[in-house]
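Student: Single-letter residue listing:
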Amino acid sequence: QKEVEQNSGPLSVPEGAIASLNCTYSDRGSQSFFWYRQYSGKSPELIMFIYSNGDKEDGRFTAQLNKASQYVSLLIRDSQPSDSATYLCAVNMNNQGGKLIFGQGTELSVKP
Amino acid sequence: DVKVTQSSRYLVKRTGEKVFLECVQDMDHENMFWYRQDPGLGLRLIYFSYDVKMKEKGDIPEGYSVSREKKERFSLILESASTNQTSMYLCASSSGSLEPQHFGDGTRLSIL
Chain A
1 QKEVEQNSGP LSVPEGAIAS LNCTYSDRGS QSFFWYRQYS GKSPELIMFI YSNGDKEDGR
61 FTAQLNKASQ YVSLLIRDSQ PSDSATYLCA VNMNNQGGKL IFGQGTELSV KP
Chain B
113 DVKVTQSSRY LVKRTGEKVF LECVQDMDHE NMFWYRQDPG LGLRLIYFSY DVKMKEKGDI
173 PEGYSVSREK KERFSLILES ASTNQTSMYL CASSSGSLEP QHFGDGTRLS IL
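Top to bottom, those sequences are chains A and B.
Quick note: the first sequence uses the numbering used here, first residue 1, plus one each step.
Quick note: the second sequence uses the numbering used here, first residue 113, plus one each step.
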């Protein structure tokens, strides 16, 4: 079992819809969770982080964490073509210091 | 805003050369990281550092070394470049073990 798993996609949604990106992780002791956006040929850009169970909202983005289910998700409301990118889930595993374990990424395509 | 600066966006070198990739961060971050990213393989950690003159091996350290003589600067060294080290190299920094990592723009390195 991979430590951090994401569906590779591509996930295709129409403009204006809600995009839902999902991530599961294996270590129950994980303490911090991050979502990065990466455009083709560019470096990852931090868009959300969450430490506690529940929802965290920032503009059109909502991160959801359920530690009991070892599940973290990212919702993008009112999706725009400019949201088309690969979204990387990253998890700070227990006792790994500052190391992050990254998922393989989900490719999102928002169609006009 | 955190600024992580990588010395080159594109670099072309020949096999057998010694290659230096430089990374500087301006936020007094304790932790610095070097990754490589290849299609289908995701982000892979090469080396990281929690403090000046300190280094830890990541998942794929073979063929690489690092240097951290000053807190703000973390260098990746390819001792004798080989074609299988052609890749996108990403530097990142963070302020603590649970904090997000912030990435530089990346260096696309080609070894001919």
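The set of hints was computed from the structure by calculation and includes no laboratory data.
Yeah, the Cβ is synthetic: ideal placement off N, Cα and C, and Gly gets one too.
Careful: at least some of the hints might be erroneous.
[Said to hold, decoys possible] Here are the simulated BS3-like pairs of lysine-lysine, each with C-alpha atoms no more than 25 Å apart in a straight line:
#, chain 1, residue 1, chain 2, residue 2
1, A, Lys99, B, Lys125
2, B, Lys182, A, Lys99
3, B, Lys183, B, Lys167
[Stated by the list, open to error] Computed Cβ-Cβ distance ranges for the label pairs, DEER-style:
#, chain 1, residue 1, chain 2, residue 2, range
4, A, Pro10, B, Asp150, 16 to 24 Å
5, A, Tyr51, B, Met139, 13 to 21 Å
6, B, Arg185, A, Gln31, 41 to 49 Å
7, B, Leu123, A, Tyr39, 18 to 26 Å
8, B, Asp217, A, Glu5, 21 to 29 Å
9, A, Lys111, B, Arg185, 12 to 20 Å
10, A, Glu45, B, Asp150, 18 to 26 Å
11, A, Glu15, B, Ile189, 18 to 26 Å
12, B, Lys169, A, Glu5, 18 to 26 Å
Student: Failing hints, ascending?
Tutor: As far as the earlier hints go, 1, 6, 9, 11 are violated by this structure, in ascending order.
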